[in-house]
Amino acid sequence: MDTSDAKGILSSLPWWVKWIAIPVIALAIFGGLIVSLLQFVVGLLFKVLVFVALVGGLVYLVRRFTSSSSSSRGGW
20 MDTSDAKGIL SSLPWWVKWI AIPVIALAIF GGLIVSLLQF VVGLLFKVLV FVALVGGLVY
80 LVRRFTSSSS SSRGGW
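Start counting at 1 in the sequence shown, then tack on 19, and there's your number in the working numbering.
Hints should not be assumed to be uniformly reliable.
[What the hints assert, rightly or not] Beta-carbon label-pair distances, calculated as ranges:
#1 K26 x G51: 25 to 35 Å
#2 A40 x V60: 24 to 34 Å
#3 G62 x W34: 10 to 20 Å
Please keep in mind that the hints were generated in silico from the structure rather than gathered at the bench. Positions of the beta carbon are idealized from the N, C-alpha and C atoms, including for glycine.
Based on the sequences and whatever the hints tell you, model everything.
Below, the structure is given as structure tokens:
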């Protein structure tokens with residue numbers, strides 16, 4: 020099937036078939052896949068944000084305690 024054949028078939032259909040029926044059928048078939056992909060991406064982003072927050076907190080604590088202990092020793 021050539022792309023010009025597909026365009027010819029779609030152009031002969033009513034507007035509601037192209038803009039309502041075909042997307043609804045696609046969502047019914049691929050909806051589960053789309054939802055699982057979105058869940059994976061959102062879960063991954065959440066884990067990345069938690070990782071960044073924990074590493075940032077660790078760096079903050081280490082700098083805070085090492086700067087306070089080195090200033091009391093008088094530095095190197």
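Structure-based check of each hint:
Roughly 29 Å separates the CB atoms of K26 and G51, a value that falls within the hinted 25 to 35 Å. Remark: the range hint 24 to 34 Å for A40 to V60 is upheld by a beta-carbon distance near 28 Å. For G62 and W34, the Cβ-Cβ distance of about 38 Å falls outside the hinted range of 10 to 20 Å, so the restraint is violated.
Comparing the model with each numbered hint stated earlier shows that hint 3 is the single one that does not hold.
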